[in-house]
Structures are given as structure tokens and as C-alpha cells.
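Chains as they are written, first to last, in the working numbering: chain U, 1 to 430; chain X, 1 to 430.
Note that these hints are calculated values from the structure, not bench results.
On a predicted model such as this, the values are computed, not experimentally measured, just so you know.
Beta carbons are placed, not taken as given, at the ideal position from N, Cα and C, and that holds for glycine.
Where hints are given, some of them may not hold.
Said to hold, decoys possible - Mimicking DSBU-like on lysine-lysine, the simulated pairs with C-alpha atoms at most 30 Å apart in a straight line are:
#, chain 1, residue 1, chain 2, residue 2
1, U, LYS138, U, LYS101
2, U, LYS165, X, LYS61
3, U, LYS61, X, LYS61
Unchecked claim - The following label-pair restraints were derived from C-beta to C-beta distances:
#, chain 1, residue 1, chain 2, residue 2, range
4, X, GLY336, U, ASP95, 50 to 58 Å
5, U, ALA279, X, ARG66, 44 to 52 Å
6, U, ASP150, X, ILE206, 13 to 21 Å
7, U, ASP42, X, LYS152, 25 to 33 Å
8, U, PRO100, X, ALA323, 52 to 60 Å
9, U, PRO137, X, GLY336, 21 to 29 Å
10, X, SER135, U, GLY307, 21 to 29 Å
There are 2 protein chains.
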Amino acid sequence: MGLCWQEMIAELIMVGTELLLGEVVDTNSAYLAQRLAELGVDLYYVNRVGDNRGRIAGLVKQAYQRADLVIISGGLGPTVDDLTKEAVADAFGLDLVLCPKALEEIEEYFRRLNRPMSENNKRQAYLPKGAVALSNPKGTAPGVLLELPDGKAVIMLPGVPVELKAIMEDAVIPYIRRKLGEKNRAVIYSKVLRFHGLGESAIDDIIQDILAAQTNPTIAPYAGGGEVRLRITAKAVDEEEALRLIEPVEKQLLERLGPYFYGYGDEGLETVVARLLLAQKKTVAVAESCTGGLISHKLTNVPGSSGYYMQGAVTYSNAAKTAVLGVDPELLAQFGAVSRQVAKAMAEGVRQWAGTDIGLSVTGIAGPGGGSPAKPVGLVYFGISYPGGTNTFRRQFAGDRLLVKERAALAALDILRRYLLGSLEEELED
Amino acid sequence: MGLCWQEMIAELIMVGTELLLGEVVDTNSAYLAQRLAELGVDLYYVNRVGDNRGRIAGLVKQAYQRADLVIISGGLGPTVDDLTKEAVADAFGLDLVLCPKALEEIEEYFRRLNRPMSENNKRQAYLPKGAVALSNPKGTAPGVLLELPDGKAVIMLPGVPVELKAIMEDAVIPYIRRKLGEKNRAVIYSKVLRFHGLGESAIDDIIQDILAAQTNPTIAPYAGGGEVRLRITAKAVDEEEALRLIEPVEKQLLERLGPYFYGYGDEGLETVVARLLLAQKKTVAVAESCTGGLISHKLTNVPGSSGYYMQGAVTYSNAAKTAVLGVDPELLAQFGAVSRQVAKAMAEGVRQWAGTDIGLSVTGIAGPGGGSPAKPVGLVYFGISYPGGTNTFRRQFAGDRLLVKERAALAALDILRRYLLGSLEEELED
């Protein structure tokens, strides 16, 4: 490309003694790194340090030398252990002063919850002089933005992941976009495609030549949460131009991976399924055995889920499968609870029990116990019943109990999605 | 304390560009930090850096100034991206030389797998001059131990977690023990207490004087996942002595916070509840409205949950509450689905429906829609029915839809826990 990209360099400082004792796995820095990468901001160093005022201040000074933007997470709580603002004030020779707007928001937070505000929550309204508070919609600790005379900035965020994310999305990302825009009029625009049912290395194999040929846009595959995402990132003068660059690459990827593609960006399978159900005015009921309620939980995570979800049953015991869903005890005795036959009966039973358009069922072995050579841990059967028929599916998942539950729940949602799209393929019975 | 602690200070450097893009969550450093804490080794800084020879070398030099032991993870692979040994050699002005023993082990590894060894795997047998190879039982990259003339050491480990752990356990921990033994034997021992139902600042208020007086053991509060934990950490000559130091502090904390304390360490509320149910040979059934299956999901996350969990219902619609649980439509019309009366009827209904000892129910407004001034988003009613009676509870939660679901699910489990412990307090009806 003939354009000259002016770059922004960021550095992260993750504060918290619990991180140095290994009691908490730091997921915030992966989230922050990902968002910065999407914005085209370079990140060379991530630092982790305990709740020690002198050490935090030292790192802040070092990071400020190396980067344009320093993001600090943690140490904004109400207790005497929380020293991030003090350390930043030390690093730049600033005082801490009360921010009335921040105090008002903290007081409002407690009023809304109808709880007394404790005296030490007031500490959270003190900021290094010259800094501004960033509203925290999920908690009491406001984020803090300190712009320095040379145009660099230090941003402090609470360590609680939902609070950190909320402030990052609401205030920090728009701020970074603005700063990038001030430097030059180039944008970095990303589109994320989400896939279910194929692993990362399988996808890698299928699109190897496309990956090898990429320049602008670039394509980055990443795996996690039981699925694979491909992020297509274009650099261009504006969003329109970026989208024009992304379009043919997206098309090329979907030509090869179409059957496994299910959605874009932040939208999980449950959101895609919810939209399809609402558009088609269909209702669904779920009968869960090994997933233990996780599919219903996911389906009801989407606001407005009462439009398509009425009721579900977690039928863990054989007796419950018979009493609630009317599964014939003969079937259970002959084939076992984890079988295609029982999955079918459960799907039909739950549809009748709830009077919905669709009945979805899952029965399997989440482990660690309960497996056998014929029916190993991770074996799961699925059923989907609808006007005109019932289909069943068999899958074998790897991983521990929680991972098997998660993967089985996603697979069930994908079966529902394919049914709603009319692309459900019948599986040969085993 | 009258003892003089001779300390070993360690520092970690986690190498890998994928860590800076947020595509991989770094779990190695939590593992390393935990093992070091158990050995009584202090850790002040954890650094993360990309696959950049100059930057890695710079960090190694800095860490070597600050610490006695520098552990580097990642960048020992066979590709040109893997530059850790080169960077360490740069930092100390050393050459890389072939280690015949390491080469032999790599060749042996491929022989065992019956796979051809690729030419670039030979790179993995080159070490900074003076270093020794640490056998890798799980892969091709040997670990590397470089002892420096001043008695400090730099240890390099592969980034693949199973390989890192194997070399850490087999070689590095014995090495550290030996080095500590040369100095003096001290251990750091931690105990984590978990609390539900009180926020971090409220707990802080209650135990402020204890926190202020702490020396050894120290007490660190931290919040997350809808609860607060207190970590008590003691330094002592051995574990027994550390436990002796911790005991009175734990007792003092529990005297004040006892009603909110529910368990230790890694065990969540569902695990504590599961143990109580199994010990008392009691079964439970759950009727969920706003939590949408999350309570059942949590209860069935514990291996062996079929011992106490038989079935559950997600009754999202009013019709389902009536059809499945027998909730009187009059009650729903008069008080609304989100009411103490309906929570009571649901708890009694689900107990009868499932034939269990205990019936647990939840009905509330998860949001973002559906709230009103009288019944705002986050308002949740709970019911618990048991032989001899039914109790109901009212809570108001903050946060978005997912957070309200999570907090309501934990509150329900805590109500169940208190019932099982015989410490359920009746709530005045509103």
C-alpha cells in the first residue's frame, strides 16, 4: 500500500497481588490486547505487578517512556490495598483531588441499589489532578483518563472484568478512535466471521492458500469457547473503502467454509438462533440431560427470549425422562439413556409437553465418571422434533465435564440453527 | 517476627506475539506464580513480550537486575520466530553452542514417535554457552538452565503448558528447593476464605482494624464473580508453622464475617451445596424463571450431581408456571409473576412435581426490558420449600441481564446452603 500509517503504541500494566500469587488467571489483558489489535494499536509489553505503590509508579514511568498510551487495570477498589491512582499521581508528581461528578455517580449507584454507601467508597472519587473520570455503569470504581502535556495518555480501569469491559467499550475505544483520527485519516476496520463445527487446524488447512496470499486485508484465525473465528482486517482511508476491501475476501472464505459459518462479530449462536426464531415466529422447548440447563440458560441470555422460549425441562434421572417427557421405560432399559432412541423420544416428548413448534433434546455423558468402551465420556446424542418429523445426531466431544457441557450446548444450538435455515442434513443412524 | 527471612526473588518473562494479540490467554504465568508462592519465592513482576529478539534481551537484562531467578517461557520452538535462547545469549554476551545430550534426546523423541525429525528441530539443541539442558519428557524443546557467575540464574521453558509444567516439576522446582536450602528454608502458605452476600467495601469496613494490624500473616481481599474472597498468607519455616499462624487470624475473621462465609479455596457455592446435599442424603429440584436454567447448570457442574439432582424446570411463561408447577392463575393475575407469592407457589410446586426433599424457585426481572418503578430490573424473589414449610426472599441486584442472572443464581445456591446448614433466617414479608 502506498499509504503511510502513523502508529499508536500502547502498553498494559495489570495490577494485583493475587495475579502474582497465581490465584487468578488474568483474562483482562487478553481482552484488552484483542481490542487494541482490532484498532490497529501496537502492543509490545504487558506488565504485571502487585499492589505496591512504588513498583506500580516505577512501571508507569517506564511504560510512559515506551508507549503513547498506558492502560492500567486493577487497584481502583475502595480498600487501602488499592493504590493505582496514588502510584500514577506519584509517577507524574500530581496530587489526588476529589472529582464531584465521580462522587455523584458513586452515590447514585448505591441509591439505585438502595444500599448504604460506605465511607471508603469516597476514596474512589479522588483522581490525579487534571484527570477525568470515566463512568462505570457496572460498579463503583470510575475509570480514569489522564492526558499528559505531550499528548500521551494514561488510562486506569477497574480490575473486575465486566466493569473493565464496560468502560473500555463505552469510553476508551471511542477515545482511541478519536486520537487515531487526529493523527491521520486512516481507519483500521475489522470484520469477524464465526464458525461452528470445524477445528482451527482443519479451517487452516482449507484456507491455507488464502492465508498465505493475504496482505491487505489480513486474516487472523483464532479459536476459543468451542468455535473458530476469522478476523478480516483492512486498513483504508475510510470505513467504506475498508468494507470494499473486505468484501471479496469474505466471499472467498465463505465459498469454502460456508456450511460452518454462522454469524458475525460479537453475536453468539444463541443470538443468531433467537433472531431466526423470532423472524419465523416459532417457539422452542428444550429437554436437557447432560447439559443440565445450559442450553436453556444460553437461549434465555438473549433479551426478549420470552418471545420464543416458554419452558424447558432438565430431566437428569431416567425417572424424570419418563415422568416429564413420557420416554418409554422400555427404551431406556433396552438402549440406555444415552442413545439415539432416547434422544428422539425426549425431543418428541418435550415438544408435546410444552406445546411448542420445536422440541430440542440432549442426552450424553459429561464425565468424569459414567463412561464405558461402548459409550465413552463425551458421547452425546441430540434430537430435534418439529411438525413433520424428528432428527437425531451423534457427536463425540473431547474435554472435561464443563467443556463437554459447553460443546454439547453449542452443538444443540447449531442443530436448531440449521433446522431453522432449512439446511439440516439427515445423519445416517449408527 | 524475630526471624530473618532470606528471600529469593523471581521474575517471569512470557514470550509470544500471540499473547500480545489477545488470541491466547496466558495460563502459564498463573501456574508458575502459584508454584513459586508455595516455595516461598517472591515475585514482583511478570512481563509479557512478543517474539522480538531485542525486546526480549532488554527485558532479560532488566529482570536480571531486579531478581535472583528469571524464568522465561516460550520462544524455544523450532521456527525462526523462536528467539528466546538467542536473546538470552545477547543479554549476557554468550555464543550458542550445540549440546550433544540435548540433540540425542530430541532424536530419541522422534524415534519413539516413529516420525522423521525435521532439520530445524536441531536448532532446539543449541544453548547459550555454559547452560545446561533440562529434559523435556513431553516434547522436543529442552528447558535451559543458565547459572551466572554471581549465583543468579536464568531458566528458559517451552510455552506449551504440559511441557512447561513437566520440566518445572521434574527439574526446576527441585533446583529452587536446593538453592533455597542453601540459603534457608521458608515457605509461604495461603488460605483463601470465600464469602457471599456482602460486598468488598462492606467487608473492608467490618474488618478494617484487623487489616490495619496485619503483618504476618497478611490479609488481602479481592472481589469477582459475584463474591468476595479473603486471602490469608503466612511466611514460616514450614507448612505446619504457617498454619499455626493462620489459624487465629482465620478465627478472628470468621467471628465477624461468619454468616457470610461459605467455603475455602477453589470451591464454589455449588460444590459446597453438593457436599451438604450428599452428606444429608437430600435431593433438590429447581424451578427457574429469570435465571433460565443457570441454577440447574451450576448444580450439575459438580461431578456426581445425579446423587442429589433429579430434575428441574425452566418455567419462563406464566402458562408454564401454571401447567408444570400448578401455580394458581389467580396468584399470577393478582400479584404478578415476579412476587413473593408466586415464588412460594413455584417452590412448593416444583417440590411436588419432582418428588424431592427440597424445592427451590426463582422469579425476577433480568432486564433490560420488563421493569417498572414498583418492580425494577434486577428485582428477584426466591422460594425454598422443604418438609415443614416454605420461605421466601427478596433481593435487588445491579448489573446487566447476564449479571442479574449470575447473581440471582448464586443467591439461590446460598439460600439452599443456609437451609442445609440450618441457618436460614426468616425474612419479613414486604
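Numbered hints the structure breaks, given as an ascending list: 2, 5, 6 and 10
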